[in-house]
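Chains A and B, in that order, give the protein sequences. Taking this note's numbering, the leading residue of the first sequence gets 1, the next gets one more, and so forth. Taking this note's numbering, the leading residue of the second sequence gets 1, the next gets one more, and so forth.
These are calculated hints, taken from the structure and not from any lab test. Here the structure is a predicted model, which is why all the values come from computation and not from measurement. Cβ coordinates follow ideal geometry from the N, Cα and C atoms, glycine included. Wrong hints could be hidden among the right ones.
[Unchecked claim] Only pairs whose alpha carbons sit at most 25 Å apart, straight line, appear in this in silico SDA-like list of lysine to any residue:
1) B:Lys286 <-> A:Gly23
2) A:Lys152 <-> B:Ser155
3) B:Lys11 <-> B:Ser216
4) A:Lys171 <-> A:Lys351
5) A:Lys70 <-> B:Ser216
6) B:Lys95 <-> A:Gly350
7) B:Lys157 <-> A:Gly350
8) A:Lys126 <-> A:Ile82
9) B:Lys95 <-> A:Gln91
[Unchecked claim] Here are a few chain B residues that face chain A, going by a calculated C-beta distance under 10 Å:
10) Leu23
11) Ala32
12) Arg65
13) Met71
14) Ala73
15) Gly100
16) Leu108
17) Tyr114
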Amino acid sequence: MQVFKAFFKVLKRNSFTAIVFIGVFLLLALMISDGKAEVTIFALDAKKVSVFDEDDSPESRKFVEMLGEKFEIVDIRNDRDIITDMLYYEQIDYAFVINRGWSEKLAAGETDGLFTSYKMHDSYAKVIVEQCLDDYVTAVNVYTAAGMSLDKAMDCAGEDILVETDVTIEKFGDDNKDFTPMFAAYYRYLPYIFISAILSALCPVLMIMNRKDIRFRTNCSSVDANSYTMQIFAGGAVFVLAVWLIFIGAGVYMYGGIFRGKAWTALLNSGLFALITTALAVLVASVIDSQKILTLIVQILGLGMSFLCGIFVPQSMLGDSVNAVGRFLPAYWYVRLNEMLCGDRLYSTGKAMACLLIEAAYAVTLVLVTVLIRRVRYSGAHKMTAAKA
Amino acid sequence: MFLHNLFYDLKTSLRTKDLIIWLMVFPLALGAFFKFAFDSIYEETTKFSTVDVAVVDEAGDKAFRAVADGMAASDEPLLNVTYADREEALELLKKEEVKGIIFTGDELTLSVGYSDIEQAVLKSFVEEYNLRIRMIERAAAQDPAAAMKAAALISEKVSAVNEEPLTDGNPDYMVQYFYNLLAMVAMFGIMNGLHITEINQANISALGARKSCSPSPKLVSICSALTAAYIIQTVCMVLSVTYLRFILRVDFGSSLPLIYLTSALGGTVGVSMGFLIGSISFLSQKAKESLTVAFSLLLCFFSGLMVENMKMNIEQHIPWFNRINPAAVISDSFYCLNIYSDYSRYSEKVLTMAAFTVFFALLGFVFTRRKKYASL
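This is chain B alone, in the form it adopts within the complex (with noise of 0.2 Å):
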C-alpha cells in the first residue's frame, strides 16, 4: 500500500511542474548572480591596481619627487602621479579624473572627495611617508650621527608578524551568500511541505476530501506523501548543490558527500516544517502560504542571506536564537564543513536538522489525525 501511494505521490508531485522548474531555477538564477557579483568584489578587494592622484608641490619637496618618481619607475606603481597648482588639482578631483590630491609641506596631507578604497590606500601612503620622515628627524635629533643609521634601518625589511593559518578550508567569506541560498532553498521545501497537506487534508481541497473517505489509511497515506515530498526536494537541493559546485564552481570546501548530505537533510527538514504548517488546520491554505513564505524569509534573513554579519550579531545577543533557526543551523553546517578539520560541530548541526526533522513531522501527524468533518 505504501509504495503504490508513493509511486503515484511522486507522479503527483511530478506534475506540479511549474513549481519543482521554479525551485530549480531560483538557485540557478540567484546563484549565476551571486557569482558574478563577487567574483568582482573579490577582485576590486584584493587585485592591486594604481591609484590615480593628483600632486600640489607647492613647497617643492625633492625628497618626495623622488619617491614619487621612484615608485612611477616600477613595473606595478602604486601610484600615477598628475603634478598640477591647487586650482587644476581640485578641477581633476571634481571630475573623478583623481581620487585625491596630495599635498606637501612640512607633512603631506591629503584631499578626497569621498571617501572609498582608493582613498583609504592614498591614506595609508600618506601616513607610512610621514611617519619614515617622523622618524628620521627624530632619530636625527636625539643624535644627529644616527639620521644616516636610522634611515638604513627604515629601510630594511621588516617581518614581525608570523602568520598562522586557522583553516584548510576556503576562507573567502562571500561563500556564506552560497551557503545562504542552499538553506533558503531547502527552507522552500516548506512549500512541498504545504502541499501534502493541501492534497491530504479534507477541507483544503476536493482532493484531499477524496482520499480522506477512501479505504486507505491516512497514516500510510500521508507517510508516502511525506516521503515522495523529501524525495522531490532532496532532488531540487542535490541539482543544485552540483551546479554551484561544478558549473559554477564555488568552493565548498574539501568534504563535497558530507555536502550534498547536508544538504538532503536540510531539504527534508523544509519539508517537515511546511508540513507542519499545513497541518495546522484554522488557517486557509492562502493564509498558510503567506505566513510561510514570510517566515521562512525571515529565517533567512537571520541566518545571514542579506546581510552578512547578521548571524554573528545574533550569536552576540540572543545566541539561542542561532541553535533554533533551521536556516542557520542548515548554513552553519555548510560552514563547519569547509572551515573545521573536525566533524565536532559539524555533527552537532547535523543531529540538530535531524532532530528537527523528527520533531516537525511528529506534531504534523499529531495534529493531522482524527480530523472529523460534519460535512465538506
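Okay, chain A solo, but in the shape it has when bound (with noise of 0.2 Å):
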C-alpha cells in the first residue's frame, strides 16, 4: 500500500487547492440549485406579466385586477431598457400596454388593436397570454352581443377565463414524496459539480504521482503496474467518498431531511456518478501534465456534459439528436434517472436500473481504458518507443 499512502501524503501538500475548489462547487451547487425547482404542475402555468395600462378606466382596472388572477403580475417601470431586459433574460414571459380608448373600443364591439405587446422572442408562453387576451375581448363580444350590459359582460368573460381545466397526472408507480423538487434539483446539478469539483481537486495530486522522478522511481521499484494503478483508483476512491460524502451531507442539510423511498436510488445514482467521475479524473490525469491545461480540459468536460446531458437544459427541450449524442455520456443516463424519480417522466423499476447498470458499465470501461493507457504510456514499451523516435 505504499502508493496509496503516497498518494495521501501529495494530497496532503496540495489540500489548499483541493479546498478552494470543493469550496467554490459546494458553493454553486447550492446557489445552482437554489430557485431552480418551483412546484407547478405545468411549467408553462407560471406566467409573468407585466402590464401598463394606458386607459387607466375603471374597465381596465377591473380586467387587471382579473388577469391578476390568471397570471403572476410583475409590476416593473414602464421604461423600454427594463422591458427589453426583462424580456430577454425571461424574467417576465409577457409585457402588453392596453391603449387609451380601450374601454370604449371594448363597449363599442371593436376588437383589432386593442392591446400592444412589446415582442422579443416567441415562445409558447407568449401565445398562451396572448390567446388568453383574444378569448377575453371575444367573450366580452359575445356576451354585450347577446344583450348583456359591458359590466356584466366583463364580469361573465372573466369569469369564464379563470375557469381552471381539470388536469390529472396519472400515477403509475409509487409518488414522488420521497424525492422533492428541491432535492431532485440538487441532484440534477451535481454530475457538472462532480465533474468540476473532483476533476479540479484530484487530478493535481494525480499530475504530482505521475512526475517523472516519482514515477521513475516507482516504476524500477518492485511494485506491478497494475496494482500502482489499482492503489491509485483507490486512493481516488477514498478522496471522492469524503468530497461525496460533503456533497451529499449539504444537500441533506439544505433541502432534504433523511432518506426515504426514492431518495435512497437518487443517493446510489450520485454515488456511481461520483465513481466515474473518479475514473475520468485518473484517465485525466494520465495524459495530461499540466494544471492551466487541466483548468479547460475540466470546463470542456463539465460544462459540454451539462449541455449536451441535460443539466442545465431539460432533456426534453433538447432535441432528437442532442439526446442521441448524450447516451454516449454518462451524464445522460444520471440525468435521465434523477428525471424518472422526480417525476419529469415516467418511472419503472426496469428503466431504472438500466440507468444504474450502463452508468456502472462506465465506470468499468473507464477504468479499463486508463489501466490500458497507463500501461502503454508509463510502461517500458512506451519509454523505448520513444527512445527510437
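Take each chain as given, in its own frame, and dock them per the hints.
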C-alpha cells in the first residue's frame, strides 16, 4: 500500500487547491439548485406578465385585476430598456399596454388593436397569454352581442377565463413525495459539480504522482504496474468518497431531510456518478501534465456534458439529435434516472435499473481504458518507443 | 529595448504552445457543443409538431368528435387522436405512446403522465375548447336566439394585440451563452497574466531570478511581457469570435467590428487581472493558479454561464455587483451591441472594461515594484 499512502501524502501537501475547488463548487451547487425547483403542475402555467394601463379607466382596472388572478403580474417601470432586459432574460414572459380608449372600443364591439405588446422572441408563454387576451375580448363581444351590459359581460368573461381545467397527473408507480423537487434540483446539478470539483481537486494530486521523478522511481521498484494503478484508483476513490459525503450532507442539510424511498435510488445514482468521475480523473491525469490545461479540459468536460446531457437544460427540451449524442455520455443516464425519480418522466424499476447498470458499465470501461493507457504510456514499451523516436 | 523584449516575450509566449492551443480549443469545443444543443432547443420549443393523444369518449360527444376529426384532416394537425376506452388509454399513456388522455363529458378533462411542452399544448387545447362551449352556453342562456350569433362571433378571427418589436438585433436568448463563453475565454486570459509574473518574479521561477538581475529596467521588462500577453490574448479572442460567427454562424447582431473590439478589450481585462493576482507575492504560484481559476469560474457563473437568468437575479438583488464583475460587463457589452440600436449603454461598458484594464495593470505594477530579495 506504498502508493496508496504516497497518494495521501501528496494530497495533504496540495490540500489548499482541493479545499478551494471543493468550497467553490459547493457554493455553486447550492446557488444553482436554489430557485430552480419551483413546484408547478405545468411549467408553462407560471406566466409572469407586466401590464401598463394607459387607458386607466374603471373597466381597464377591473380587467387588470382579473388578469392578476390568472397570471403573476410583475410591476416594473414603463421604461423600454427595463422591459427589453426583462423580456430578453425571461424574467417576465409578456409585457403589454392597454391602449388609450380601450374601454370605449370594447363597448363599441371593436376587437382589433386593443392592446400593444412588446415583442422580444416567440415562446409558448407568449402564445398562451395572447390567446387569453383574444379570448377575453371575444367573450365580452359575444356577451354584449347577446344583450348583456359591458360591466356584466366583463364579469362573465372574467369568470370564464379564470375557470381552471381539470388536469390529473396519473401515477403509474410510487409518488415522488420521498424525492422533493428541491432535492431533485440539487441532485440534477451534481454531475457538473462532481466533474468540476473532483477533477479540479484530484487531478493535480495525480499529476504530481505521475511526474517523471516519482514515476521513474516507482517504475524501477518492485511494485507491479497494475497494482500501482489500482492503488491510485483506491486512493482516488477514498478521496472522492469524502467529497461525495460532503456534497450529500450539504444536500440533506439544505433540502432533503432524511432519505426515504426513491431518495435512496438518487443517492445510489450520485454515488455511481462519483465513481465514474474518479475513473475520469485518473484517466485525465494520465494524459495531461499541466494545471492550466487541466482547467480548460475540466470546463470542456463539465460544461459540455452539462449542455449535451440535460443538466442545465431539461432533456425534453433538447432535440432528438442531441439526446442521441448524449446517450454516449454517462451524465445522460444519470439525468434520465433523476428525471424519472422526480416525476418529470414516467418511472419504472426496469428503466431505473437500466440507467444504473449503464452508469456502472461506464465506470468499468473508464477504469479499463485508464489501465490500458497507463500501461502503454508509463511502461517500458512507451519509453522504448520514445527512445527510438 | 522595449521592442527587443517584446519580440522575445512573444516568442516565449508562443512556445507555451499547449496553453495557447487549449485556449483556442476551449471556445472551439464548447462553442460547437452549445451550438449543437441550442439549435435543437430552438427547434423543440418553436417548431410545430403533432401531439399524440388518446380520447375516452364515454359520453359520445359528437361536437367534440367533429372538431377532432376536422383537425385530423388538416395538413398540419395539432392532435393525432386515438379513440380508446379508459383502460386502453391508460395503458397507452403508461407506454408513452400518447402524451395525454382527453375525457369527454360535461367539460373536457385531461390526464397526463408528467408535465412538459406537449402536455401544456394539450391543456391549452382543452381549455380553449371548454371556454368556447361555456361562451355559447352562457350566450344562449342570456338570449336563446343569440346562440347562433355567438357561435359566429366565436369563429371570427380576433387580433386584439398589436406587436411592437423591441429590437432589430437577434432576440434568441440562447445567444447569451455564447456571450458568456467569450467572457470566459477573456477571463482565462488570467492564465496569460499569471504567466507574466511567473517569468518576471525572482522568487517564483529561475527565469524570473535571471531577469531580475539583468540590466534591463523592470518597468520595460514587465511592460513588454504585458503587451505580449495582450497580443496573444487578443489573437485568441479574435479567432474565437471568427469561429463562432463564421463557422458556427452565431448571430451576434450587425455590429461585427465592435464585437471584435469588445472581445479584444475583454481579453485585456482578463490578462490585467491575472497580472494583478500574480503580483501578489505572498502566495505560491500553485495557490495563485487555483485561486484565479476558481475566482474566474465564480465570476462567469454570476454572469450567467451555467444558469441563464443568474445575471438578472443579481441585477434585482445586488445590481452593483454586475457593474464590477468583469465577466458580466463583457457579456453585457455583447448583449447591448446586439439588442440596443443606440450605443450609450455599450459605451458605458467599454469604458468600464478600459478602466478595469488600466486599474488592474497599474495596481499590478505597484505590487511588483521595489522587490528585493536577501537570497534566492
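Evaluation of the interface hint that places alanine 32 of chain B against chain A, nearest CB under 10 Å: 9 Å, holds
Does the structure keep lysine 70 of chain A and serine 216 of chain B at a Cα separation of 25 Å or less? Violated - the C-alpha atoms of serine 216 of chain B and lysine 70 of chain A are around 73 Å apart, more than 25 Å.
Taking the least C-beta to C-beta distance, is alanine 73 of chain B closer than 10 Å to chain A? 23 Å, violated
So if I understand the rule, the pair passes when the alpha-carbon distance is 25 Å or less; does lysine 95 of chain B with glutamine 91 of chain A pass? 36 Å, violated
Does serine 216 of chain B sit within 25 Å of lysine 11 of chain B, going by the straight-line distance between their CA atoms? 18 Å, holds
Supplied contact hint for arginine 65 of chain B, tested at 10 Å Cβ to chain A: 19 Å, violated
Would you settle whether the hint for tyrosine 114 of chain B is holds or violated, based on the nearest Cβ-Cβ distance to chain A being less than 10 Å? 6 Å, holds
Is the Cα-Cα distance between lysine 286 of chain B and glycine 23 of chain A 25 Å or less? Measuring from Cα to Cα gives roughly 17 Å; hence the hint holds.
Measure nothing beyond the straight line between the CA atoms of lysine 152 of chain A and serine 155 of chain B; if it is 25 Å or shorter, mark the hint as holding. Given that 25 Å is the threshold and the Cα spacing comes to 22 Å, the pair holds.
Residue hint leucine 23 of chain B, partner chain A, criterion CB-CB below 10 Å: Where the cut-off is 10 Å and the nearest Cβ of chain A is about 7 Å from leucine 23 of chain B, the hint holds.
Status of the hint placing leucine 108 of chain B at chain A (closest C-beta pair under 10 Å): Where the cut-off is 10 Å and the nearest Cβ of chain A is about 8 Å from leucine 108 of chain B, the hint holds.
Verify the proposed pairing of lysine 126 of chain A with isoleucine 82 of chain A, using a straight-line Cα cut of 25 Å. 18 Å, holds
In the structure shown, a violation is registered for the earlier hints numbered 5, 7, 9, 12, 13 and 14, in ascending order.
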